[in-house]
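Please model the entire structure based on the sequences and the hints provided.
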Amino acid sequence: MLRTPTGGAGHGTAAAGDRPMSIGAVLGHLRDEFPEVTISKIRFLESEGLVEPSRTPSGYRKFTARDVERLALVLRMQRDHYLPLKVIREQLDALERGERVQLPAQGPQRELFDGSWDPEAERPSSGRIGRAALLAAAEVSEEELAEWESYGLLTPDGDGAYEPEAVTVARMVAELGRFGLEPRHLRAMKASADRDAGLVEQVVAPLRRHRNPQTRAHAEATTKELVTLSVRLHAALVQTALGVRLH
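For the record, in the sequence shown the residue sitting at position 236 is 236 according to our numbering, with numbers rising by one throughout.
Hints should not be assumed to be uniformly reliable.
Stated by the list, open to error - Capping the alpha-carbon separation at 30 Å, the derived lysine-lysine pairs in BS3-like fashion look like this: (1) K190 with K41; (2) K41 with K62; (3) K224 with K190; (4) K62 with K86; (5) K41 with K86.
To be verified - Now the in silico label distances, taken between C-beta atoms and shown as ranges: (6) R66 with G24: 15 to 25 Å; (7) E36 with R100: 22 to 32 Å; (8) L242 with E90: 17 to 27 Å; (9) E142 with A235: 24 to 34 Å; (10) A205 with E90: 44 to 54 Å; (11) V231 with R100: 11 to 21 Å; (12) H210 with D93: 46 to 56 Å; (13) D157 with A191: 15 to 25 Å; (14) A205 with K62: 42 to 52 Å; (15) A191 with N212: 32 to 42 Å; (16) K86 with G160: 41 to 51 Å; (17) L233 with E99: 35 to 45 Å; (18) R66 with D159: 35 to 45 Å; (19) H185 with L233: 19 to 29 Å.
Everything labelled a hint here was simulated from the structure, so no lab data went into it. Virtual Cβ for every residue (Gly too), placed ideally from N, Cα, C.
Structure below.
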């Protein structure tokens, strides 16, 4: 039986109860912890065999609370430890067999969900990852990454390292590629993101320069809130423009 986490992130998934859920309802439960998750992402994880919802006679997916917890586990292992899907599948299979699994963290390894696991404590102190780690975590080739860099979708620093979010960017660029969207098509999205970042910086820059430490700390909280609102606004505007509802 799959062992689920005790405490910590992901508490919202337990609210699903035992009622079968549609994929839209699953998205709603996961979005609190994983704002970037999409229906396309859930379908992709299903196609990779990481979750197996039942189907109604008419073909609609029906997910259980256990399915939602399993999806949350997959997303946490991708987000917090940059694990490729093959490794995640092996971890989940081991958990299904009742084994205690260790994560391949960069720091001291800790048993998965043993009550002492702290994702933030296991991230690199610099908050950045190397090129090889990015390629492995995003499951992309050197040629793909080089092409994305040529279009400005990903940019390493002077030491050749990347922000942790580069993993998410790479995975999403790869997923969009499955629908025929090439890097050249995504430059407008990058430009829009840069403009949004500029707007946020205008708001928080005075707070960051303040001499009061509490005010500077408030700047970071404000930045995170503005980013969340910007992402939700962008998603809502795209949905409105297309006349679609995700759930």
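Taking the hints in turn, this is what the structure says about them:
no.	hint	result
1	K190 with K41	holds, 20 Å
2	K41 with K62	holds, 16 Å
3	K224 with K190	holds, 19 Å
4	K62 with K86	holds, 25 Å
5	K41 with K86	holds, 16 Å
6	R66 with G24: 15 to 25 Å	holds, 18 Å
7	E36 with R100: 22 to 32 Å	holds, 29 Å
8	L242 with E90: 17 to 27 Å	violated, 38 Å
9	E142 with A235: 24 to 34 Å	holds, 31 Å
10	A205 with E90: 44 to 54 Å	holds, 45 Å
11	V231 with R100: 11 to 21 Å	violated, 36 Å
12	H210 with D93: 46 to 56 Å	holds, 51 Å
13	D157 with A191: 15 to 25 Å	holds, 21 Å
14	A205 with K62: 42 to 52 Å	holds, 48 Å
15	A191 with N212: 32 to 42 Å	holds, 35 Å
16	K86 with G160: 41 to 51 Å	violated, 25 Å
17	L233 with E99: 35 to 45 Å	holds, 44 Å
18	R66 with D159: 35 to 45 Å	holds, 43 Å
19	H185 with L233: 19 to 29 Å	holds, 22 Å
Checked against the numbered hints above, the structure violates hints 8, 11, 16; every other hint is satisfied.
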